[in-house]
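Engineer: Chain by chain, the residues run as shown.
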Amino acid sequence: MILVWLLLLPLLAALFAPQVEHWRADGSRWLSLTALGLQALLLLAAAGGGGDWWLESRADWLPRLGIGWHLGLDGLSYLLLWLTVALGAVSVLISWREIRQRVAFFHCNLMLSVAGIVGVFLALDLFLFFVFWELMLIPMVLLIAIWGHDNRRYAATKFFIFTQASSLLMLIAILGLAFAHQSQTGTLSFDRDALLRLELAPGLAYWLMLGFFVAFAVKLPMVPLHTWLPDAHTEAPTAGSVLLAAILLKTGAYGLLRFSLPLFPAASADFSPVAMALGVAGILYGAKLAFAQDDMKRLVAYTSVSHMGFVLLGIYALNGMALQGAVMQMLAHGFSTAALFIVVGMLQERWHTRDLRQLGGLWTQLPRLSGFTLLFALASLGLPGLANFIAEFLILAGAFQRSWPLTAVAALGLVGAALYALLLVQRGLWGGGAPAPGRHDCSRREWLVLGALALALFWFGLHPQPVLDLVREPLVQLLDAPHHAAESPPRLPVGSWL
Amino acid sequence: MTELPVEHGLLFAAALFCIGLVGVLIRRNLIFILMSLELMLNATAFVFVLGGALHGNADGQVMFLMILTLAAAEIAVALALVVHLYRRYRSLDADRLEAMKG
Amino acid sequence: MAALLLWIPLMPLLSSLLLLLAGARLGERPVALLGVGSVALSALFSLAAILSFSASDGVAWGIETLPWFSALGLEVGFSLHFDGLSAVMVGVITGVGLLIHLYSVAYMAGDADFARFFAYLNLFVAMMLILVLAGDFLLLYLGWEGVGLCSFLLIGFWYRQPENGYAARKAFVVTRIGDVALALGLLILVQQFGMLNIQDSVDQARQLWPGSDLAGWVALLLLGGAVGKSAQLPLQTWLPDAMAGPTPVSALIHAATMVTAGVYLIARTQGIFMLAPQVLQLVALVGAMTLFLAACSALVQHDLKRILAYSTISQIGYMFFALGTGAFSAAVFHLMTHAFFKALLFLAAGQVIMSLHHEQDTRRMGGLLRPMPFSALCFAIGCAALAALPLTSGFYSKDAILLQAYAQGGAGFAWWLALAGALVTALYSLRLFVRLFLGDCRTLPEPDNRPLLCWPLGILCLLALFGALIPQPLHDVFSAAPQAHVPLPVHLLVLAMPVIGLVAGIWLLLRHRDWRQAFATGALARWWRAGWGFDVLYDWLLVRPLLWLARVNRRDLADLPVQLLVWTSRICHQGLSRLQSGRLRHYAVGIVGGAVLILAVVL
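Protein chains in written order, with our numbering: chain D, 1 to 498; chain U, 1 to 102; chain C, 1 to 603.
It should be emphasised that the hints constitute simulated quantities derived from the structure, not laboratory data. Mixed in with the good hints, there may be bad ones.
To be verified - Listed below are several chain D residues computed to face chain C (Cβ distance under 8 Å; list not exhaustive):
hint	residue
1	L38
2	I138
3	P384
Stated by the list, open to error - Chain U is faced by these chain C residues, among others (derived, beta-carbon under 10 Å):
hint	residue
4	A525
5	R529
6	V592
Built from N, CA and C at the ideal position, the CB exists for glycine as well.
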């Protein structure tokens with residue numbers, strides 16, 4: 001029941017947001033916060049179950065087609081649900097002043113999107129998963145298209161087409177799986193458990209895996225399918241960017257972990273060198289492009305590409321350390337990038353520009369906000385002590401055991417990260433240009449949000465154990481899948497030298 | 001009663017249909033276009049009657065009546081539109097209505 | 001006693017956090033009290049730790065404080081390790097750090113960002129202490145990056161001048177290149193041992209790796225990290241620019257402590273390096289080359305702080321040379337004495353610079369002996385120790401390096417370079433002193449002799465003179481070097497080299513009547529002054545290509561296929577939308593045509 005309520009709460013909030021607005025001007029804001037708060041309570045209540053699934057919810061939906069209502073909660077989804085709830089609340093808080101038009105409709109979309117994301121993290125029936133996958137997409141497009149910046153229509157359309165086209169591929173793959181089930185057992189089924197037992201021909205498995213992979217890789221995003229992201233991020237309102245960066249991108253990685261790898265273990269293992277190479281390409285290419293940007297928000301957007309490249313690398317390294325690192329990176333990136341987007345939004349609100357060529361010398365004017373910016377930039381460059389470092393180190397350590405040359409190249413991404421993050425600090429915060437005096441520094445609400453995010457980054461950087469423990473079980477299961485190609489034995493990094 | 005060959009009837013219907021079609025295509029006055037449409041409808045209706053007679057079945061005549069009522073309904077709506085358009089554009093020239101494209 | 005260790009880095013860390021959060025609201029006095037007091041406490045704790053450590057016969061302490069994390073296949077803890085090497089490092093860091101903190105109170109007085117300065121400086125001390133106390137490589141890496149961050153923040157402390165920002169970024173990025181190598185080295189350790197505890201992995205390596213290439217690779221990668229942090233060839237270019245920071249920062253971070261972290265790292269992992277003699281030779285070569293090149297550059301610089309910066313690079317080169325030849329304890333010995341006399345030189349330079357209204361160009365200095373006798377004395381002692389004149393602390397340490405190196409490997413190319421470096425060192429020390437204190441007065445100083453400026457200098461003078469007497473409990477850390485016979489002529493040669501340099505320098509200066517011009521002109525001098533052209537080389541090899549790439553691909557080429565798709569569909573759209581003319585009869589023709597077509601196909 002808890003799972004159903006987890007889904008229902010944001011839906012109800014979305015439904016009643018317009019009504020509440022009649023009673024109170026900022027009623028929809030409070031309503032959304034309340035829904036998220038209740039969700040958090042539910043999550044607390046759901047904690048600590050045992051077994052494969054802590055909680056499961058099953059019901060028939062369209063039995064003739066093998067479509068069922070099947071939700072399940074385990075450590076991985078639990079972690080990501082917390083991320084969703086936390087950053088959902090952050091999104092509401094930071095739009096308090098930024099969003100002034102059609103407030104109720106804004107929150108309606110926001111909560112709908114949250115509901116879709118929660119569904120994605122819970123669904124264990126592929127058809128249901130697809131429904132939620134689409135559900136989270138449409139409100140997000142609206143968020144960009146209605147409340148975005150100048151070029152919002154273009155960005156929203158691009159985002160929509162990219163994700164829609166790729167999710168069609170996934171739909172085909174899902175149907176392919178269901179029909180394969182029919183041909184083997186005589187009935188259609190979309191249930192993950194049932195599909196896990198399928199014996200697929202290698203060729204078929206490879207193609208179906210590619211269908212899933214492309215859909216998830218676009219969301220991730222993976223180079224070269226990333227080009228929707230800078231536009232979407234740049235044009236979205238701050239809350240939209242936060243939601244996109246912190247949670248929506250994670251659904252791609254989650255999909256890989258939950259469906260693509262377990263359903264097609266052998267095919268994924270075959271494909272992993274390519275995926276790892278693409279991840280490395282993403283790390284470096286994203287960093288390089290971030291370095292080249294003048295628009296602060298675009299810069300941050302490209303850092304996402306770079307960070308999510310690490311996730312892809314970690315996932316396809318296919319060993320425990322790297323997978324834990326990848327999940328950690330999902331979390332850390334969620335916090336650090338969201339925080340950077342928030343900071344950029346605040347700066348834009350004060351200066352009406354995000355152009356680094358016009359900014360500069362902010363430290364003199366806004367010492368606190370600048371301090372936060374510095375901290376988040378440092379998190380983004382992977383400073384030890386902050387969450388991103390643990391993630392990146394684990395990913396690199398895991399990937400190193402699979403392929404040392406790729407890892408060596410990926411490690412260069414650390415230099416790239418230093419380049420773009422410090423460029424942001426130097427061009428934005430330092431320097432002499434002091435645009436105009438009398439800007440107010442952080443307000444109390446802004447302090448709260450940024451402080452909480454900073455605290456989270458420190459907390460998970462110095463004490464990542466809860467996260468690692470949460471996801472240990474699901475990941476171990478994933479790796480123990482019977483079809484998995486034997487991990488390549490640890491190789492010596494080199495033949496001979498000197 | 002001498003039976004007319006079916007071919008004659010069909011030829012007649014075809015000729016009627018073509019006249020209507022050419023009327024629709026080349027006339028610009030909306031009233032004439034509507035009249036031509038009526039011709040085309042009647043041509044098809046005639047084929048139904050013909051078919052009914054051929055098979056000794058009443059369905060063809062039922063169809064004819066059906067088309068008749070349809071045509072009446074259609075012309076009523078169409079004429080209402082024409083009147084409205086005339087009020088608006090002071091003209092019944094179909095080509096002057098091109099601004100109505102989407 | 002072990003809990004004491006925890007407080008050594010924790011004190012400055014807490015103070016730094018407090019200053020970062022609330023420093024802006026405090027006045028100068030509480031800030032200074034907090035900043036200096038925390039380091040003083042930390043120094044006190046270190047002293048207690050060192051004393052009780054040497055009382056306990058030098059058994060290394062290791063304490064597991066808290067686990068950091070345990071992932072699948074890797075466990076890391078916040079473990080601390082305290083042995084003779086850590087003791088020396090901690091002593092140097094807190095001792096010299098305390099003096100420099102005291103000095104900074106006077107130096108930075110009146111600066112608008114007084115609290116921020118002390119917050120960063122305390123953070124630096126904390127990170128540096130974590131670095132040297134870490135019992136786990138990942139914790140060491142935390143300190144390693146942490147000091148890099150503080151270095152970045154403090155070089156760019158006066159952030160309003162854009163060039164400071166560039167210098168700061170350059171310092172961080174260049175050292176980060178080394179850090180990546182270090183991280184890769186750690187990855188090999190993780191892969192092989194599944195842990196990162198320093199002592200255990202070195203022990204494991206000793207047992208498992210003889211005859212394997214792995215030791216060589218790990219050593220090479222660790223060396224990569226070390227050369228980045230310690231500004232050795234080929235990553236030395238950041239240090240001279242790093243002088244943009246406030247002078248106490250240059251003294252603490254870019255002379256006495258942080259830049260010697262590379263030396264510490266190699267000394268700490270010497271067990272691995274010993275397994276890879278080729279890499280050890282490389283270390284010696286890198287050190288020797290660096291020390292010579294940097295000494296030559298120091299000889300021709302005009303900027304006071306740049307002279308000192310190059311001299312720092314050169315002195316650390318000596319330490320690397322010592323490490324490479326297996327003279328580990330001599331390297332650490334030199335690390336300590338160098339911290340004393342280089343901190344002295346920097347702080348004295350800071351006093352001179354302040355008295356001359358932030359003038360740093362030695363060409364506009366001169367004749368300061370009379371107005372600033374105390375600074376002159378400090379400089380004289382510092383330069384003497386730097387040049388390794390007999391009876392100063394620098395003499396003992398450098399002597400030890402050259403003699404032990406000879407004993408280990410004889411007189412190879414590197415050894416001769418190091419010997420020549422000693423000569424050049426004496427030359428540039430002399431030039432530095434002469435330029436500042438003799439001749440005509442070019443800029444009139446306003447001597448600043450506040451006690452807080454002078455006392456630390458006085459103590460450092462004593463340390464620079466007699467610091468060599470401080471015992472170093474290193475015999476348990478490093479396997480004792482086999483005693484080898486060094487012939488007397490070599491002894492004499494090493495002893496005489498600085499003196500020869502000095503005499504030659506004086507002779508040169510006397511012969512050139514206009515001695516200010518000595519080493520000032522000529523293509524060679526320009527080349528050396530530019531640091532042997534490394535900056536230009538890297539500029540062409542790395543920076544420009546990167547900027548070019550950034551410029552040409554700012555709009556993201558991967559977007560091009562998508563844009564092509566957009567264009568084609570737009571063109572198609574325009575073509576097709578022509579068909580919708582709005583003329584009823586055209587549509588009718590279309591319908592008829594279509595019907596005829598279908599009929600024709602069907603029939």
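Engineer: A separate judgement is required for each hint: does it hold in the structure or not?
Structural biologist: Evaluation of the provided hints:
| no. | hint | verdict |
| --- | --- | --- |
| 1 | L38 | violated (32 Å) |
| 2 | I138 | violated (21 Å) |
| 3 | P384 | holds (4 Å) |
| 4 | A525 | violated (79 Å) |
| 5 | R529 | violated (74 Å) |
| 6 | V592 | holds (6 Å) |
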